[in-house]
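> This is what each chain is made of:
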Amino acid sequence: MKKFLNLLKKEIKELVTFQLIASLLFTLVLFYFIGNIARSEMGKVQGVKHISVLDLDQSDLSGEILRNLAFANFKIDLLEANNKEIAIEKMRRQNIPLLLVIPDGFAGSVSSFRPKEIETYVLVRSFSMGSSINSELVNQIIVSINSYLSDSILKNKIPDINPSVLKNPIKNKSFILVKDKIAEGSIRDVNNFVTSQTIFIPIILMMILVYSSQMVLSAIAMEKQDKTLETLLTVPISRNHIVIAKMLASGLIGLISAGIYMVGFRFYMGGFMGNIPTEGQVGDVIEKLGLRFTPNTYIFLGISLFLAILCALALATILGVLSEDLKSAQSASFPLVFLVLIPYFLTMLSDMNTLSLPLKIIVLAIPFTYPFLSAQNLMLGNYSMVLYGILYMLVVFMVLVFIAGRIFSTDKVLTMKLRFGRRVIR
Amino acid sequence: MDVILRVKNLKKSYGKIFALKGIDFDVFKGEIFALIGPNGAGKSTALRIIATLLSADEGTIEFMGYDARREPERVRENISYLPEEAGAYRNLTGIDYLRFMANFYARDERELEEFVKRGEEISGLGVRLKDKVGSYSKGMVRKLLLARTLMIKPKLAILDEPTSGLDVINSLEIREIIKDFVKEGVSVLLSSHNMLEIEFLSDRVAIIDNGRILETGTPEELKDKYSSKNLEEVFRRIVTYEKVS
Numbered sequence: 001m002k003k004f005l006n007l008l009k010k011e012i013k014e015l016v017t018f019q020l021i022a023s024l025l026f027t028l029v030l031f032y033f034i035g036n037i038a039r040s041e042m043g044k045v046q047g048v049k050h051i052s053v054l055d056l057d058q059s060d061l062s063g064e065i066l067r068n069l070a071f072a073n074f075k076i077d078l079l080e081a082n083n084k085e086i087a088i089e090k091m092r093r094q095n096i097p098l099l100l101v102i103p104d105g106f107a108g109s110v111s112s113f114r115p116k117e118i119e120t121y122v123l124v125r126s127f128s129m130g131s132s133i134n135s136e137l138v139n140q141i142i143v144s145i146n147s148y149l150s151d152s153i154l155k156n157k158i159p160d161i162n163p164s165v166l167k168n169p170i171k172n173k174s175f176i177l178v179k180d181k182i183a184e185g186s187i188r189d190v191n192n193f194v195t196s197q198t199i200f201i202p203i204i205l206m207m208i209l210v211y212s213s214q215m216v217l218s219a220i221a222m223e224k225q226d227k228t229l230e231t232l233l234t235v236p237i238s239r240n241h242i243v244i245a246k247m248l249a250s251g252l253i254g255l256i257s258a259g260i261y262m263v264g265f266r267f268y269m270g271g272f273m274g275n276i277p278t279e280g281q282v283g284d285v286i287e288k289l290g291l292r293f294t295p296n297t298y299i300f301l302g303i304s305l306f307l308a309i310l311c312a313l314a315l316a317t318i319l320g321v322l323s324e325d326l327k328s329a330q331s332a333s334f335p336l337v338f339l340v341l342i343p344y345f346l347t348m349l350s351d352m353n354t355l356s357l358p359l360k361i362i363v364l365a366i367p368f369t370y371p372f373l374s375a376q377n378l379m380l381g382n383y384s385m386v387l388y389g390i391l392y393m394l395v396v397f398m399v400l401v402f403i404a405g406r407i408f409s410t411d412k413v414l415t416m417k418l419r420f421g422r423r424v425i426r
Numbered sequence: 001m002d003v004i005l006r007v008k009n010l011k012k013s014y015g016k017i018f019a020l021k022g023i024d025f026d027v028f029k030g031e032i033f034a035l036i037g038p039n040g041a042g043k044s045t046a047l048r049i050i051a052t053l054l055s056a057d058e059g060t061i062e063f064m065g066y067d068a069r070r071e072p073e074r075v076r077e078n079i080s081y082l083p084e085e086a087g088a089y090r091n092l093t094g095i096d097y098l099r100f101m102a103n104f105y106a107r108d109e110r111e112l113e114e115f116v117k118r119g120e121e122i123s124g125l126g127v128r129l130k131d132k133v134g135s136y137s138k139g140m141v142r143k144l145l146l147a148r149t150l151m152i153k154p155k156l157a158i159l160d161e162p163t164s165g166l167d168v169i170n171s172l173e174i175r176e177i178i179k180d181f182v183k184e185g186v187s188v189l190l191s192s193h194n195m196l197e198i199e200f201l202s203d204r205v206a207i208i209d210n211g212r213i214l215e216t217g218t219p220e221e222l223k224d225k226y227s228s229k230n231l232e233e234v235f236r237r238i239v240t241y242e243k244v245s
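Here the protein sequences line up with chains A and B, keeping their order. According to our numbering, the residues represented by the first sequence are 1 to 426, in order. According to our numbering, the residues represented by the second sequence are 1 to 245, in order.
Bear in mind the hints are in silico, worked out from the structure with no lab data behind them. Model, not experiment: these values are computed from the prediction. Treat the hints with care, as some may be off.
What the hints assert, rightly or not - One side only, chain B facing chain A, incomplete, derived with CB under 7 Å:
(1) Phe-25
(2) Phe-28
(3) Ala-51
(4) Leu-53
(5) Leu-54
(6) Ser-55
(7) Pro-83
(8) Ala-86
(9) Tyr-89
(10) Asn-91
(11) Thr-93
(12) Phe-104
(13) Glu-114
(14) Glu-121
(15) Gly-126
Claimed, not checked - Over 12 Å on every C-beta distance to chain A, these chain B residues come out as not near it, computed from the model:
(16) Arg-48
(17) Ile-50
(18) Glu-62
(19) Asp-96
(20) Lys-179
(21) Phe-200
Ideal Cβ placement from N, Cα and C applies to all residues, glycine included.
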């Protein structure tokens with residue numbers, strides 16, 4: 001044990017370099033900085049917005065529109081101008097971001113069912129997020145006003161009938177079924193809520209898998225490149241301990257690095273996240289459908305993630321042994337990264353159930369697919385699929401460790417080389 | 001004299017290339033035994049097999065009574081190997097490296113400190129031991145590695161081209177270190193193609209070429225036998241004779 005701890009300590013010392021710490025801190029600061037900028041931009045968009053209005057109608061209806069704008073948190077600046085050309089020129093000169101022009105005779109045109117158009121002008125100063133959101137908001141307000149006006153007109157013309165029945169004669173109710181549970185609600189809202197709760201899982205997973213694998217790959221390749229492996233293999237310590245110490249140290253540092261990246265990523269994403277239904281809005285539906293993480297789901301998720309890390313580390317160890325130096329180790333890591341990215345994108349962008357059978361078999365043969373599917377499967381109560389994945393990963397890990405152990409305990413650790421896809425014996 | 005290492009009919013091939021075609025030799029306790037031969041003669045392969053890095057296709061290696069094939073762990077506990085092209089961990093300081101290596105052999109804290117102290121003395125690197133290995137010159141790294149090899153006082157030190165790539169001054173220093181160390185009861189098995197070095201260091205030599213040992217004896221015996229002034233001449237005569245015959 002003393003020898004193993006000695007080796008583990010050395011592995012960690014070798015991996016925690018100034019470059020690693022500097023790059024982690026730099027990424028953290030960068031993500032924090034970008035996230036803050038995004039948050040402040042979103043804040044500006046969601047806060048008080050300025051709009052200039054040229055009301056050439058001066059009617060009750062135009063007054064109603066202005067009240068609605070004020071209600072939607074717009075600070076209205078009424079322009080004094082005789083025509084819209086002057087207002088547009090003023091907009092250009094004074095950098096006014098939004099201009100709304102209510103034409104003369106607007107109210108009359110509406111009541112005679114030949115409505116004149118309200119015009120909106122957006123001054124483009126950049127192509128940032130905020131530039132388009134403001135005009136979208138104005139459009140939404142106009143849609144609301146339209147609805148309000150049409151309701152009033154219908155009520156006046158046909159007082160006995162509810163305007164909403166006339167406008168939408170067909171009514172519907174949405175129900176969501178999960179296994180034996182049923183709840184009324186919008187699938188889009190539930191989807192958005194679940195995604196907001198689980199979006200980080202695949203990203204964390206992908207980062208941990210790629211990071212840890214690259215760490216162990218580099219650790220072994222560096223031993224070869226720096227010509228320290230031969231010496232290490234002649235010291236009185238079990239070859240298996242050498243493999244385990246490398247995997248453990250790399251897994252640990254990979255986990256910490258991924259954690260730090262994730263903190264940065266949270267800052268980054270935190271700046272952009274918006275329009276996601278809160279728990280209060282869909283909480284009842286979620287509760288009824290049982291779409292919540294329980295301590296059990298966390299345990300299964302943890303086991304699944306842990307086994308995926310072990311598989312990645314074992315595979316990376318084999319690839320590391322085949323690499324001649326750090327450069328070839330980087331090339332050797334591509335197949336592994338590829339194997340992680342396939343399920344990452346597939347599970348994010350498509351439904352596994354709709355994949356063709358051959359593609360499904362290929363994807364399910366990749367051990368890293370299972371942890372990506374675990375969160376969804378656990379929420380949907382597909383425990384058998386999760387258990388199968390755990391079992392499959394365990395078998396794959398044991399096979400890979402056996403291969404890695406065999407390679408390390410034979411000449412192959414020194415003689416096998418992977419060079420441009422060929423196996424060369426030296 | 002006590003035999004510490006007995007090598008019998010050692011054979012090794014890499015695919016179609018026969019690196020060792022059946023070599024036999026003994027190393028006695030407290031002696032420096034050298035394998036000399038040209039590049040590709042099979043010296044390094046023989047040393048790597050004895051150091052338990054490679055496995056032999058045929059033959060036996062008996063070290064201190066242990067069969068190296070069956071009990072490699074026992075062999076590793078009692079040998080120390082310096083490969084021809086070796087390095088040390090760049091991110092560790094010299095002293096950390098010595099301590100890390102000593103930890104595999106020391107039975108307790110007292111012995112660990114003893115090993116590290118000896119390593120410091122052998123290396124002669126002084127305060128530079130506190131610097132990271134990445135900042136060392138090639139000569140300094142080699143001295144550190146030699147210190148690492150000898151500090152644990154192994155029963156057998158296996159040195160593959162110990163002065164490889166070093167300048168004259170560094171080479172001389174390293175030869176002196178090896179020579180002094182044998183006085184403390186350590187046996188040394190080394191390889192080199194530097195005949196002057198071998199003549200200075202070795203008690204006995206084996207001349208190896210093309211995977212076969214052609215002659216074994218003390219430098220004096222071989223010089224007498226081949227009526228030569230030095231080992232270089234002996235080596236030339238043996239190899240030339242072998243090629244002609």
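> If a hint holds in the structure, say so; if it does not, say that too.
Consistency of the hints with the structure:
1. With 7 Å as the threshold, the beta carbon of B:Phe-25 stays out of range of chain A, its nearest partner Cβ sitting at about 20 Å, so the hint is violated.
2. Taking 7 Å as the C-beta contact cut-off toward chain A, the hint placing B:Phe-28 at the interface is violated, the least distance being around 22 Å.
3. At a threshold of 7 Å, the smallest CB-CB gap from B:Ala-51 to chain A is about 5 Å, leaving the interface hint in force.
4. The interface hint given for B:Leu-53 is met, as the beta carbon of that residue sits about 6 Å from the closest beta carbon of chain A, less than 7 Å.
5. Checking B:Leu-54 against chain A by beta carbon gives a least distance of about 5 Å; that is within 7 Å, so the hint holds.
6. Residue-level restraint check for B:Ser-55 holds (minimum Cβ-Cβ distance to chain A is 6 Å; threshold 7 Å).
7. With its C-beta approaching chain A no nearer than about 4 Å, B:Pro-83 sits inside the 7 Å limit, and its interface hint holds.
8. Look at B:Ala-86: its Cβ gets to within about 5 Å of chain A, closer than 7 Å, so that hint holds up.
9. For B:Tyr-89, the interface hint holds, the least distance from its beta-carbon to any beta-carbon of chain A being 6 Å, beneath 7 Å.
10. Because the beta carbon of B:Asn-91 sits about 5 Å from the nearest beta carbon in chain A, less than 7 Å, this interface hint is met.
11. The beta carbon of B:Thr-93 is not positioned within 7 Å of any beta carbon in chain A (closest approach about 10 Å), and the interface hint is therefore violated.
12. Because the closest C-beta pair between B:Phe-104 and chain A is about 4 Å apart, less than 7 Å, the hint holds.
13. At about 17 Å, the closest approach between the beta carbon of B:Glu-114 and any beta carbon in chain A exceeds 7 Å, and the interface hint on this residue is violated.
14. The beta carbon of B:Glu-121 is not positioned within 7 Å of any beta carbon in chain A (closest approach about 20 Å), and the interface hint is therefore violated.
15. Against a cut-off of 7 Å between C-beta atoms, the interface hint on B:Gly-126 is violated, since the closest Cβ of chain A lies about 23 Å away.
16. Not every Cβ of chain A is farther than 12 Å from the Cβ of B:Arg-48; the closest lies at roughly 8 Å, contradicting the non-interface assignment.
17. With a minimum CB-CB distance of about 10 Å to chain A, B:Ile-50 fails to clear the 12 Å threshold, and the non-interface call is violated.
18. For B:Glu-62, the non-interface assignment is confirmed: its Cβ lies about 18 Å from the closest Cβ of chain A, beyond the 12 Å cut-off.
19. Listed as a non-interface residue, B:Asp-96 fails to keep its Cβ farther than 12 Å from every Cβ of chain A; the least gap is roughly 7 Å.
20. Once the 12 Å rule is applied to beta carbons, B:Lys-179 is consistent with being away from chain A; the minimum gap is 23 Å.
21. With a cut of 12 Å on Cβ distances, B:Phe-200 stays outside the contact zone with chain A, its closest approach being about 25 Å.
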